[in-house]
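Chains as they are written, first to last, in our numbering: chain L, 46 to 189; chain Y, 9 to 380.
Just so you know, these hints were derived from the structure itself, not from any lab. Accuracy of the hints is not assured; some may be wrong.
As the list claims (entries may be wrong) - Quick list of in silico lysine-lysine cross-link-like pairs, DSS-like style, CA-CA up to 25 Å:
1. Y:Lys23 with L:Lys140
2. L:Lys140 with Y:Lys89
3. L:Lys103 with Y:Lys23
4. L:Lys80 with L:Lys106
5. L:Lys140 with Y:Lys335
6. Y:Lys89 with L:Lys106
7. L:Lys99 with Y:Lys380
8. L:Lys140 with Y:Lys196
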Amino acid sequence: MSDNKTTKQTVVEHGTEFEGVMRSQCPVVVSGQVKGEISAPSLTLTNDGNVYGKIKVKELKSQGSLGGEIDAESVELSGSVSDNTVIRSAALEVKLQESGGNKLQVSFGNCELQVGDASKKSKSESHGSASKKEHSAPEPVAVN
Amino acid sequence: MADYSREAVLDRSKKGESLERADLRDVVLSQADLEHANLRRADLEGVNFEEANLRSANLSNANLRDAYLANADLQGANLQKADLEGANLEGANLSNADLTRANLEGASLERANLSGARLNYAKMEAAKLGRASLQDTQLPNADLRDAYVGGADFTNANLNGADLTKANFEEAILTGADLRDSNLHNAKLNATVMTGAKLHGCELDVDSLTNVVAEWADFSESGSGERTPGGTLVEQYHAMKNGSSSQTSSGSGQGKRFFGQGDVLRNAALEFGDRSVVEIESRFENCSIALGAGAVLKLGKHGVMQGCQVVGFGEIDIHGEFKENGKGPGIVGPKRVTVRKDGIMSGSVQQPPTMTEFAFEHGCVLRLKIQK
Numbered sequence: 046m047s048d049n050k051t052t053k054q055t056v057v058e059h060g061t062e063f064e065g066v067m068r069s070q071c072p073v074v075v076s077g078q079v080k081g082e083i084s085a086p087s088l089t090l091t092n093d094g095n096v097y098g099k100i101k102v103k104e105l106k107s108q109g110s111l112g113g114e115i116d117a118e119s120v121e122l123s124g125s126v127s128d129n130t131v132i133r134s135a136a137l138e139v140k141l142q143e144s145g146g147n148k149l150q151v152s153f154g155n156c157e158l159q160v161g162d163a164s165k166k167s168k169s170e171s172h173g174s175a176s177k178k179e180h181s182a183p184e185p186v187a188v189n
Numbered sequence: 009m010a011d012y013s014r015e016a017v018l019d020r021s022k023k024g025e026s027l028e029r030a031d032l033r034d035v036v037l038s039q040a041d042l043e044h045a046n047l048r049r050a051d052l053e054g055v056n057f058e059e060a061n062l063r064s065a066n067l068s069n070a071n072l073r074d075a076y077l078a079n080a081d082l083q084g085a086n087l088q089k090a091d092l093e094g095a096n097l098e099g100a101n102l103s104n105a106d107l108t109r110a111n112l113e114g115a116s117l118e119r120a121n122l123s124g125a126r127l128n129y130a131k132m133e134a135a136k137l138g139r140a141s142l143q144d145t146q147l148p149n150a151d152l153r154d155a156y157v158g159g160a161d162f163t164n165a166n167l168n169g170a171d172l173t174k175a176n177f178e179e180a181i182l183t184g185a186d187l188r189d190s191n192l193h194n195a196k197l198n199a200t201v202m203t204g205a206k207l208h209g210c211e212l213d214v215d216s217l218t219n220v221v222a223e224w225a226d227f228s229e230s231g232s233g234e235r236t237p238g239g240t241l242v243e244q245y246h247a248m249k250n251g252s253s254s255q256t257s258s259g260s261g262q263g264k265r266f267f268g269q270g271d272v273l274r275n276a277a278l279e280f281g282d283r284s285v286v287e288i289e290s291r292f293e294n295c296s297i298a299l300g301a302g303a304v305l306k307l308g309k310h311g312v313m314q315g316c317q318v319v320g321f322g323e324i325d326i327h328g329e330f331k332e333n334g335k336g337p338g339i340v341g342p343k344r345v346t347v348r349k350d351g352i353m354s355g356s357v358q359q360p361p362t363m364t365e366f367a368f369e370h371g372c373v374l375r376l377k378i379q380k
């Protein structure tokens, strides 16, 4: 707990609504609602947090509701992802639900995920198949 | 020296002012009215909260080590990741409280009311829960090793994946409880009531089942509450361990199919029945695959599916590479899609009305469009 006492954070608390551009050099924690643009080293959405807009961060952890255009180096998701969302990230982690209950760990609306570098990992070429021409360079998919 | 006196704490709480991160050690808060108080990350080590009203209070990440919370009212409180090691919660009301990932090691919860509470991944090693009420409590993956739960009521509780090694369940009630994939090795089950308990994948000492009181148990994989027909509990447990418990009357598609590395399958239409298990290490090109309900399709590390379409309410587990040809959603109506750390998924997933469960491991590669 002592670490958290000394780390400066930008916190948007429960009941707070923010609309506009937020640029921070501190980690941003959102428990309220934010609509607009966020750039910060990291962004954390708590269960009640709701962010929609253009997000550019190194690290994103969301347990709340997330939407918009997201660029990050690493993303950990639970909660929900809104319609018309694009997530671009070097790494993404989504865990399965912890219990056998009905609640999904993440519910996805219509969205697009561009994660990792496909050209580094493609297995198609090493398989000795007729379709070697199918190279696996990133193929962005159009968003609705 | 504490940050606030008892009076100041009560005053701030009454006004709705936050006590987040406050140091309140040594403050006596017995019988205090702290309903809805924000005590997130507060230092409350050893604090006396006897009979206090902490309904719906936010105590997430709070330090409550050795705190005295006997008969306190914590109904609906947020105790996520709270440290309650060695705390005394005897007779406390924790109904519908959220104790996800809380530390309750060695805590005393005798006669506490935990009905409807969430204790997912809670650490409860050597905790004392004698005669506690845990009806409908969520305890998946909780650690209850060496815990004493004698006489406790776990009716319809979810203990899926919990570690219950050496726990003492003497005379406890586990009616309808979900114990699938839990570990009950060396647990004491003397006179434990387990009628309708879900036991698929549960690890236990078979001899201990002879001491259990149960009219029937559910050994089905789905844990749907179906009565496993025929034989004693011990025989049914052995049958489950031997893999035959899920062969119900409707299990027409039960069975495993394996497509080995080096093989290539092109332009084929394949149908796999309900609950079948398909593992692909080969290369599939432009194939159409229909999965029955509950079927599992595992695309192994060497497996490649190029230009294929998979349709049906099954589970798709991608360790290899799945790449559609852009003509339509590569996966339609799946119950679950998992892409493992070495997996590559390029294409679209059309979710069923009940929505797909997605899991993505760190390191996977995705060019994925998800459609509702």
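Results for each hint:
1. Y:Lys23 with L:Lys140: Answer violated: Y:Lys23 to L:Lys140 is near 39 Å, above 25 Å.
2. L:Lys140 with Y:Lys89: holds, 18 Å
3. L:Lys103 with Y:Lys23: Violated - the C-alpha atoms of Y:Lys23 and L:Lys103 are around 38 Å apart, more than 25 Å.
4. L:Lys80 with L:Lys106: Holds. L:Lys80 to L:Lys106 sits at ~17 Å (cutoff 25 Å).
5. L:Lys140 with Y:Lys335: violated, 29 Å
6. Y:Lys89 with L:Lys106: Distance ~17 Å between Y:Lys89 and L:Lys106 Cα, so the pair holds.
7. L:Lys99 with Y:Lys380: holds, 22 Å
8. L:Lys140 with Y:Lys196: Violated - the C-alpha atoms of Y:Lys196 and L:Lys140 are around 33 Å apart, more than 25 Å.
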